[in-house]
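So for the sequence shown, numbering that gives the first Met the number 0 puts the first residue at 0; every next one is plus one.
Derived by calculation from the structure, the hints in this document are not laboratory data. Source: prediction; values computed, not measured. Mixed in with the good hints, there may be bad ones.
[Claimed, not checked] Below, a list of computed lysine-lysine pairs in the PhoX-like style, where the Cα atoms sit at most 20 angstroms apart:
id, residue 1, residue 2
1, Lys143, Lys405
2, Lys602, Lys191
3, Lys405, Lys372
4, Lys191, Lys98
5, Lys191, Lys118
6, Lys602, Lys583
7, Lys527, Lys556
8, Lys210, Lys191
9, Lys143, Lys118
10, Lys28, Lys59
11, Lys602, Lys556
12, Lys342, Lys260
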Amino acid sequence: MAGKIGLNVTQICLPRECTEDEIIEEVLKLNEDPRVHGVYLHLPPASLTSRVLNTLRPEKDMSGVGPLTAALRMQNVVQSSSRWAQGQQYRPWTLRSLKLQPLSPVPSDIEISRAQTPKPVDQLAQEIGLLQEETEAYGRTKAKVRLSLLDRLREQPDGKYVLVAGITPTPLGEGKSTVVIGLVQALSAHLKLNSFACLRQPSQGPTFGVKGGAAGGGYAQVIPMEEFNLHLTGDIHAITAANNLVAAAIDARMLHEATQKDKALYSRLVPSVNGVRRFSPIQIARLRRLGISEIDPSALMPQEVSSFVRLDLDPAKVTWQRVVDTNDRFLRKITVGQASTEKGHVRETQFDIAVASEIMAILALADGLGDMKTRLGRMVVGSSRSGQPVTAEDLGVSGALAVLMKDAIKPTLMQTLEGSPVFVHAGPFANIAHGNSSVLADKLALKLVGEDGFVVTEAGFGADIGMEKFFNIKCRASGLRPNVVVLVATVRALKMHGGGPNVLLNAVPCHHWARGGRGSVELAQAVKQAGSQPSHFQFLYSQETPIVEKIRMIAQKVYGADDIELSPEAQAKIDYYNQQGYGKLPICMAKTHLSLSHLPEKKGTPTGFTLPIRDIRASIGAGFIYPLVGTMSTMPGLPTRPCFYDIDLDPVTEEITGLF
Numbered sequence: 000m001a002g003k004i005g006l007n008v009t010q011i012c013l014p015r016e017c018t019e020d021e022i023i024e025e026v027l028k029l030n031e032d033p034r035v036h037g038v039y040l041h042l043p044p045a046s047l048t049s050r051v052l053n054t055l056r057p058e059k060d061m062s063g064v065g066p067l068t069a070a071l072r073m074q075n076v077v078q079s080s081s082r083w084a085q086g087q088q089y090r091p092w093t094l095r096s097l098k099l100q101p102l103s104p105v106p107s108d109i110e111i112s113r114a115q116t117p118k119p120v121d122q123l124a125q126e127i128g129l130l131q132e133e134t135e136a137y138g139r140t141k142a143k144v145r146l147s148l149l150d151r152l153r154e155q156p157d158g159k160y161v162l163v164a165g166i167t168p169t170p171l172g173e174g175k176s177t178v179v180i181g182l183v184q185a186l187s188a189h190l191k192l193n194s195f196a197c198l199r200q201p202s203q204g205p206t207f208g209v210k211g212g213a214a215g216g217g218y219a220q221v222i223p224m225e226e227f228n229l230h231l232t233g234d235i236h237a238i239t240a241a242n243n244l245v246a247a248a249i250d251a252r253m254l255h256e257a258t259q260k261d262k263a264l265y266s267r268l269v270p271s272v273n274g275v276r277r278f279s280p281i282q283i284a285r286l287r288r289l290g291i292s293e294i295d296p297s298a299l300m301p302q303e304v305s306s307f308v309r310l311d312l313d314p315a316k317v318t319w320q321r322v323v324d325t326n327d328r329f330l331r332k333i334t335v336g337q338a339s340t341e342k343g344h345v346r347e348t349q350f351d352i353a354v355a356s357e358i359m360a361i362l363a364l365a366d367g368l369g370d371m372k373t374r375l376g377r378m379v380v381g382s383s384r385s386g387q388p389v390t391a392e393d394l395g396v397s398g399a400l401a402v403l404m405k406d407a408i409k410p411t412l413m414q415t416l417e418g419s420p421v422f423v424h425a426g427p428f429a430n431i432a433h434g435n436s437s438v439l440a441d442k443l444a445l446k447l448v449g450e451d452g453f454v455v456t457e458a459g460f461g462a463d464i465g466m467e468k469f470f471n472i473k474c475r476a477s478g479l480r481p482n483v484v485v486l487v488a489t490v491r492a493l494k495m496h497g498g499g500p501n502v503l504l505n506a507v508p509c510h511h512w513a514r515g516g517r518g519s520v521e522l523a524q525a526v527k528q529a530g531s532q533p534s535h536f537q538f539l540y541s542q543e544t545p546i547v548e549k550i551r552m553i554a555q556k557v558y559g560a561d562d563i564e565l566s567p568e569a570q571a572k573i574d575y576y577n578q579q580g581y582g583k584l585p586i587c588m589a590k591t592h593l594s595l596s597h598l599p600e601k602k603g604t605p606t607g608f609t610l611p612i613r614d615i616r617a618s619i620g621a622g623f624i625y626p627l628v629g630t631m632s633t634m635p636g637l638p639t640r641p642c643f644y645d646i647d648l649d650p651v652t653e654e655i656t657g658l659f
């Protein structure tokens with residue numbers, strides 16, 4: 000009968016002597032399984048305890064009251080399935096805004112944050128249409144959101160996509176994050192439109208350095224700001240662990256290849272377990288890339304064994320660095336391998352700040368767990384002595400990297416001071432990477448807000464860097480197209496970079512820092528109006544355009560340069576990348592954010608300059624080529640008086656002071 004009406008009935012038989020806890024454990028599994036729509040507990044009376052009965056979710060309980068026939072139970076399952084199917088549809092928002100009472104003068108950021116009581120994150124999730132099984136709470140105020148949401152709402156039209164960018168900034172930044180938060184508060188709390196902010200996770204380096212945190216400011220903040228600015232849900236720590244695992248694998252592999260013959264290497268890489276030798280799936284993938292079809296370890300020819308076991312990495316051409324999420328200038332150049340156990344295999348290398356890792360860029364550009372795993376595997380970590388690229392998959396580490404990153408790929412849900420939802424996810428720098436929050440956070444938010452809602456994200460630093468990369472790198476990877484661009488111009492930045500003709504195009508004054516969402520209502524109305532107009536988005540260049548011409552187009556059309564000048568090393572790299580088939584990748588310029596040119600001291604809109612390209616590198620996993628313009632450091636240093644002088648903890652109340 001069940002088969003005739005389309006039901007799949009599974010009988011779970013437990014041993015007679017099983018305990019109450021074992022029964023409850025099984026019931027909890029059924030509660031969490033979205034494929035199960037009804038449960039009938041056919042247990043001995045002694046086992047039907049109140050704990051067991053109260054564990055089963057009411058919506059899945061098919062037992063009912065009194066004797067039920069099998070037919071009636073199946074009818075209940077069908078009705079439960081129908082309710083489940085309705086629950087899977089898009090849910091209208093029931094967002095409750097938090098009341099804000101701005102003070103004058105405006106208190107410190109941390110005082111404002113602490114004065115507001117955030118909603119429990121499970122309540123916020125319910126208000127914006129998330130199902131209980133789609134969130135993983137990290138404390139009371141933040142939660143990871145599962146990517147299964149994209150599948151559930153795949154037929155739901157996207158909302159409007161808004162980018163906040165800025166003019167060329169001053170060293171301390173111009174408040175784009177604050178504009179994003181103020182705008183979303185105005186849209187949701189004051190215009191009553193579904194809206195979502197998507198922000199990058201800040202690095203702890205600048206937080207303890209000179210710039211401070213990145214949770215916004217004044218009455219336009221993400222709260223709790225202490226949690227936002229510090230460990231959050233551990234994504235950057237996961238990136239650090241994954242990155243440094245690759246670095247450890249590189250040096251260990253070079254050491255073992257240098258100190259062992261082919262036969263010894265092979266016996267250790269493919270050991271005999273209970274008398275049987277087998278290749279792992281990652282090793283089989285390497286055999287395929289080498290053109291070896293044999294999968295019996297004992298059947299490989301000596302030359303095939305040698306090709307398999309020897310990556311032959313050239314120590315001088317290793318491009319992968321270790322990372323740490325701290326501004327530590329003394330790690331900009333180090334020597335590794337000085338212990339006697341490393342047998343004289345010493346080499347110079349360096350540390351980068353964690354957010355400069357290619358794994359961070361991959362996290363920001365991946366559109367799912369499978370895509371992230373593929374990108375991690377194709378990361379190029381160096382070249383062999385014969386000039387061939389060596390990847391993370393060649394090292395055999397790609398599966399382990401995916402395991403370390405499996406939770407980091409889920410965006411983190413938080414809220415603003417006025418209770419509007421925020422996704423915090425990924426945090427690549429804009430001057431040395433593409434400088435935008437994750438593709439996945441944007442895609443999830445666009446589904447959640449509904450067709451008439453707004454998703455507001457930001458591009459790091461100035462429009463010449465962050466916005467250009469948003470258009471030509473992030474939008475290519477995501478397939479998304481922006482509907483509106485908000486360009487932030489502060490009086491401070493205009494004083495530093497101004498001097499040109501006055502241009503006033505839909506300029507809107509904003510007071511969100513002092514007044515919260517109410518201070519950005521005029522901007523929200525302008526964004527709503529602009530979002531109703533058709534947009535005509537175009538990429539700056541085609542992927543088919545040669546590498547040199549892509550660089551030249553960015554230099555001339557975005558920076559205002561007369562031309563570019565390639566160093567011999569840069570030209571050699573271009574030839575090599577073309578030879579390896581990387582010529583169609585987009586360009587991610589690594590240059591100063593303090594000027595349109597390569598010289599930070601040249602303010603305004605410099606003219607009559609040639610842009611020097613001193614070197615070119617590639618992030619093959621992330622999917623872009625990055626030319627180095629001038630001198631760029633991937634490890635910031637601490638100033639004479641860092642922010643940490645003012646940061647402290649009250650051991651009695653556990654309150655943090657001094658963060659901003």
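Hints, one by one, checked against the model:
A hinted pair counts as satisfied when its Cα atoms are at most 20 angstroms apart, and Lys143 with Lys405 qualifies at roughly 12 angstroms. This hinted pair does not check out: Lys602 and Lys191 have alpha carbons roughly 41 angstroms apart, beyond 20 angstroms. For the given pair, Lys405 sits about 9 angstroms from Lys372 by alpha-carbon distance, which is consistent with the 20 angstroms threshold. Distance restraint check for Lys191 and Lys98: the Cα-Cα separation of roughly 14 angstroms lies within the 20 angstroms cut-off, and the hinted pair is therefore satisfied.
Restraint check for Lys191 and Lys118: the C-alpha separation of about 18 angstroms stays at or below 20 angstroms, so the hint holds. Pair hint Lys602 plus Lys583 does not hold up; C-alpha atoms about 33 angstroms apart against a cutoff of 20 angstroms. A threshold of 20 angstroms between alpha carbons decides the hint, and for Lys527 with Lys556 the separation of about 29 angstroms lies outside it, so the pair is violated. Distance restraint check for Lys210 and Lys191: the Cα-Cα separation of roughly 33 angstroms exceeds the 20 angstroms cut-off, and the hinted pair is therefore not satisfied.
Note on Lys143 and Lys118: the hinted pairing holds, with a Cα-Cα distance of about 16 angstroms set against a maximum of 20 angstroms. Note on Lys28 and Lys59: the hinted pairing holds, with a Cα-Cα distance of about 12 angstroms set against a maximum of 20 angstroms. Between the alpha carbons of Lys602 and Lys556 the distance comes to roughly 17 angstroms, so the proposed pair stays at or under 20 angstroms and holds. Of the pairs offered as hints, the one joining Lys342 and Lys260 holds, with about 16 angstroms between alpha carbons and a cut-off of 20 angstroms not exceeded.
Consistency note: the structure conflicts with the earlier hints numbered 2, 6, 7 and 8.
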